[in-house]
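Chemist: Protein chains in written order, with the working numbering: chain A, -6 to 425; chain B, -6 to 425; chain C, -6 to 425; chain D, -6 to 425.
Some hints could be false.
Because identical chains share one entry, a pair is satisfied inside a single copy or across any pair of copies.
Stated by the list, open to error - Calculated pairs, DSS-like style, for lysine-lysine (alpha carbon to alpha carbon, straight line, at most 30 Å): (1) Lys414 with Lys126; (2) Lys204 with Lys315; (3) Lys138 with Lys414.
No lab work stands behind these hints, which were simulated from the structure alone.
Number of protein chains: 4
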Amino acid sequence: MRLNSAEIEKANQVHSAAHRRDVEVLSEQLARRGLDPEKLIAKIGAFQVAVPSWALGTGGTRFGRFPIGGEPGSLDQKIEDAGLLRALSRQTASISLHIPWDIPRDAKATRELAAGLGLKFDAVNSNTFQDAKNHSNMPRGLSYKFGSLCHSDAQVRRQAVEHNLEVVRYGVELGSEAITVWLADGTNYPGQANFRRQFERVRDSLKEIYKALPPHWAMFTEHKPYEPNFYSSVVSDWGSSLLLARATGERCRCLVDLGHHLPNTNIEQIVSRLLMEGRLAGFHFNDSKYSDDDLTTGCIKSYQLFLIFVELVEFLEGGSIKNPPLAWMIDASHNTKDPLEDLVQSLEAIALAYGQALLLPRRELEEAQDHNDPAWAQEILQNAYRTDVRPLLAEARLRQGGAIYPVEAYRRLGVRERLVKERGSGTVATGL
Amino acid sequence: MRLNSAEIEKANQVHSAAHRRDVEVLSEQLARRGLDPEKLIAKIGAFQVAVPSWALGTGGTRFGRFPIGGEPGSLDQKIEDAGLLRALSRQTASISLHIPWDIPRDAKATRELAAGLGLKFDAVNSNTFQDAKNHSNMPRGLSYKFGSLCHSDAQVRRQAVEHNLEVVRYGVELGSEAITVWLADGTNYPGQANFRRQFERVRDSLKEIYKALPPHWAMFTEHKPYEPNFYSSVVSDWGSSLLLARATGERCRCLVDLGHHLPNTNIEQIVSRLLMEGRLAGFHFNDSKYSDDDLTTGCIKSYQLFLIFVELVEFLEGGSIKNPPLAWMIDASHNTKDPLEDLVQSLEAIALAYGQALLLPRRELEEAQDHNDPAWAQEILQNAYRTDVRPLLAEARLRQGGAIYPVEAYRRLGVRERLVKERGSGTVATGL
Amino acid sequence: MRLNSAEIEKANQVHSAAHRRDVEVLSEQLARRGLDPEKLIAKIGAFQVAVPSWALGTGGTRFGRFPIGGEPGSLDQKIEDAGLLRALSRQTASISLHIPWDIPRDAKATRELAAGLGLKFDAVNSNTFQDAKNHSNMPRGLSYKFGSLCHSDAQVRRQAVEHNLEVVRYGVELGSEAITVWLADGTNYPGQANFRRQFERVRDSLKEIYKALPPHWAMFTEHKPYEPNFYSSVVSDWGSSLLLARATGERCRCLVDLGHHLPNTNIEQIVSRLLMEGRLAGFHFNDSKYSDDDLTTGCIKSYQLFLIFVELVEFLEGGSIKNPPLAWMIDASHNTKDPLEDLVQSLEAIALAYGQALLLPRRELEEAQDHNDPAWAQEILQNAYRTDVRPLLAEARLRQGGAIYPVEAYRRLGVRERLVKERGSGTVATGL
Amino acid sequence: MRLNSAEIEKANQVHSAAHRRDVEVLSEQLARRGLDPEKLIAKIGAFQVAVPSWALGTGGTRFGRFPIGGEPGSLDQKIEDAGLLRALSRQTASISLHIPWDIPRDAKATRELAAGLGLKFDAVNSNTFQDAKNHSNMPRGLSYKFGSLCHSDAQVRRQAVEHNLEVVRYGVELGSEAITVWLADGTNYPGQANFRRQFERVRDSLKEIYKALPPHWAMFTEHKPYEPNFYSSVVSDWGSSLLLARATGERCRCLVDLGHHLPNTNIEQIVSRLLMEGRLAGFHFNDSKYSDDDLTTGCIKSYQLFLIFVELVEFLEGGSIKNPPLAWMIDASHNTKDPLEDLVQSLEAIALAYGQALLLPRRELEEAQDHNDPAWAQEILQNAYRTDVRPLLAEARLRQGGAIYPVEAYRRLGVRERLVKERGSGTVATGL
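Start from the sequences and build out the full structure, keeping to the hints where you can.
Modeler: Laid out in structure tokens, this is it:
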């Protein structure tokens, strides 16, 4: 299904007057701080985050899964869902695919379908954490039970390399320009493997994949300390990820998934480190309280999200940091919320953190830092964070034809009900 | 399949001489400390731990599952596997069932099968964390997506209560004497539910189940801070579990699963607290590095396991603590090991920790404690822990007809190969 | 030194016009949501948090301390500092003393001094974590090296009990009505003490102190998992604290220090549990990223602070929960910020979280909860949290004679410089 | 005071017969496994760990310190204490000094004193986490309140660099060959400093110090995630430490302090990474349950200590890893134990882990790894770990003139009592 602009306009009507007033008074407040609301709206409007194809259906845990109706049963329907998200939020313009779950039957048609909805294809993702029997990612029928690119058996590594190359081929057909290699590789028990040899095998395998990349493509490595392996991960932390990226090649960079860190990790500092080294690939946004919980971005640690954007804004606003442009993606799991509502909430939270960070008077902050004035630096940060910039986000959406209040519009327009009607309640989307 | 005593004897031959020598010299060392090896062997031999029916097949994570061949395809085959574990290890004499995965078609026949293998039925477990469509645990066809005993909808609570009562009925038929109620109930997002009302509903539902228990039955509540819910759990910690046990009734006690705690928790202190209150039900043994990893008991934090037995041994050896007898169970998941080998290793690790704790000169330890002499208390604990008591374990097994070296015997006797031959490589056991 | 109203008025002038405008437009926005700004201002204005006498000077770590000048060198000067905080913020009207650091030489004079500054005396705090040689809290000259109320030596326990009774006597003279008993008691090494006996001794000692309390006094127990002991704490968690409170008496309740929890703890759920049991004493506010960091309240986990107030607001607004009135205190350490600025920032953050929680449409939230609608519940919570209610706080302060922008006023009025001038730069305040 | 060999021999007498028997039967068991006890004894005997001068007195927390009597009141007395440790344990042959706490008045005399006790000088340590007024490490009288090598003020950085150079000069005089630069530098509050600029300043300052090193000297960087700063540390993790080491020079390497990691960190994997990169400096041994608890090595996570040695043994036994020789040091704090007893226990625990790791049949382990046999790999590791190799340690000590049972000998010989008699009970050692 699609949402046309008349429907969205209609959904906007009830909020229109209040919204105009909110923009007006916020603009006045910002002007008092020497900020130009128009520039802020333009920047926020231009900020676009990719949605993950694997998270358009209900997610689950090892304990179970409770599907919602109307889940997309095909790649085309997933693209349609991304189109719905775009129509409402105007904060996403691309979709990140996962192979073999999202193999296009006809790449040209798939591209056209997406283009018609204003969507491009973001980084493609390979899958070597499952054995997909009888499928192209298992050309040799060998198992990933004990790893893929790190495996002690060269044949398994070869199979995994070939699968990644296949993913690149699909990506090329769709116009993607990067591959994300998240590896489940690791061990469950002390002694199970030699850490160093595992690492060296992954490094060599990544080099092989990298060599076969089109010259304008980038490769993203992604660290994670545990799960699905519970004693060690090969790409356990940003240090390991950086070693791999450097060994692999110039266009290999490190992706930061917010949920992939040990308790209490200062993630914003890791972001700073990777930017400093010119090796930050971008983000997999989500939120967590305990582990890789894959919750809605900003629903638990919203100030941390803001602090990450505080690190980014210097780079985004044209500072001296040398790093290629960043990739923005959501990677979440929706076990109990409607996946589309959850993604809309994530998109809003990310834009909000960006908008707040844009308010920072950076020179004043630097001064407080140079004078070792933490209390004043905190005033500056909290003043930005505590400002309610939601009207700017809504205005940015509105100007691009989106909804003033996307979650509410989604409900008002009965999107889920219409999806269930169209697709039935029995479909289960491929994904996590 | 079954292992007969001749097979095990044969497997023991190669180790026999060395074993006798090891028992001899260890006995001599222990005698020097004033310990009676015969008494220790008898206590270790009498210590029996239940195995979980749901962990006799390969386990998995949300990312995938890699089955091993020869998994038990029926309750009878699960009981057979428990029989194999018993034959080799002599450290297990019961099996803990999970309903609806393990519904006996003929309770009498099932009991006889088990009895023939020297097995009884330990606590039965209910399942309200999954929707088992078209099944008896879903009499009303309502979903547990948003909880079971805590649900805001009285009908769902009723369904969950009825399922628990059904589990008790099965347990009664099999001779079990306790029900373990582990609840996945909780929330994924702040604000999703009112903590207090959720708690009160669980409390009231537990009371209903408790009222229907046979008078000699016990009920076990089990705490867990997160997973499958990632913002809050209703029975999140021992404090909550104790409140529920007290509200429910005298025979309601608190089960401690070693993996169900926040990072750095002092679990042995929690064990002491629950014993002090007379409300310790027993254990779900496993090990973990990060989260509820469900690894082999003792494979990561073996000293912690010993310290837990240090707390228990005062009670087990007849101290002044008033607590009903404890239930000993394993609750692990075997994602990459052979489940039977994994369970054999867990059984050994548990017996080892018990054996080490039995070495403690308790009066000397109390004296060090009374005199605030932590260095000496540490000497006492480490002296017990560092002693290699494996010969006592082997001797205890041997005397009951078990294997001197169970994992090695398992392999020498080709058990897995024979299971695959018998059952095929395609069966997938029900369970986690 | 004191700040007179003319000074504060003058500091307010520069912000006055903008503030009036901010209040105006926020009031309009709130009215649209059906909220009465006047009621909100009144509630926020009435909300008062005690400041800790031990945190008016620079704090330190075991690695060092870097004093700021002008620290209060006497109890009178500490009271003066609390008066400055009150003058600027109007969010504090009491001070919480720590004995033996804050023994009044003349209780009547001390009371009058405080009263003249609009201050009362909040809960008094005992100190049994240090050996204060030749002092009244060491009547028997025995050491707390191995604990106080938990000590194996009855004489040490007696000394600690007597010290607590002495603290109560000082409190009575000053008009306090509660004693906070935070215990450092615990162990550094496994085996050092018997957990159960330690607990029982603390319980019996608390009972002794409780018996001697004036009938209108309350006793607060406070849990903490570690530090200064690094293997176990006697009052390690809310469960232990609740057991102690119940064993001690009706007016013994459990205090929650935000920094006293293991990584990832859901503190708001603990707050709910203690309220449910009618045993919540109140709070020691601060913030932390790793451990008991004692940072400015709200500087790291501001959403968590809000979620705590979400739990509280049902009680504060007159719901059905039966719990005595709560005690609100800050307990922070200011290692690198000016202590007074830090406290002003904490006071603002606490009032902000309260103000945001007051915006919640509680009936609508309950409906979302009853219908298991986590996405909508999140919208409701985030709508409250994202609203910039700072103008209401400023207005509440202004109406009571305080500063529109307290930190800025503090600097504009040169408070620290004047304190240094008055007291010198060499004074070091007693405290942590 | 000193212990002469006759005293130690006498203390050994009571254990002598049992010890000889234990060595005999263990040797027999090891021979059965194809291991040569003589070689093991030789390796264990050759393994020597430096003791920290700053931990020879009682340690403390921010809450207090409870001195034991007889603490060393001068550098000479500290060296004497290290001599006592050497006399008893024969597992230490060097002392690691901390400047300005341990400035030798006459380097030649100090060296001779040490040599007479069989001691050399290990890495020297600088101190830029405290302001030592009127002292040589504050040549410019500037404060480290806001950092040292990372400071925004070039003058403070210069002062800190000069202090480090002074430390090197003292080290050269004493025969040390490395400087350990542990930095407290970091921030307490978000926004307080720019992470990147802090890092770059530390990097540039380290380069300056490195340039001035004698050509045979090494520099060690040491990571720590938090404390004394509670929002960020500049050298927060091994990744940051490695970046600094590489930027600084070939002889700059990364030191691993076991207590300087976030909860659940897989430290043995970090050890493997740094070895792989040829940048592992060595260790600061201790143990912890929660934080940087600085407890006795091996008193909490003894299996983790063993797993670290499993990583090391491949290197130590002459594998293909290219890394300079490692530095072995203890860094602990003794708040409630006698410091000397605590250090003796740490030395034993370290040697024990090394001895256990030496038992590993490395080829068999590699085979299990190559065949993805985690259950068997676990058998191999646990077989080594569960073996009681204490008799080998005692024999290694005995052959060098040490005590069979050092802690017991320490008490039997009344060392602490004699120290108190000699030095009095009022001395407080400089240190942490």
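Chemist: For each hint, tell me whether it holds in the structure or not.
Modeler: How the hints compare with the structure:
no., hint, result
1, Lys414 with Lys126, "between (33 Å within a copy, 22 Å between copies)"
2, Lys204 with Lys315, "both (24 Å within a copy, 28 Å between copies)"
3, Lys138 with Lys414, "between (40 Å within a copy, 21 Å between copies)"
The structure fails none of the hints (numbered hints given earlier).
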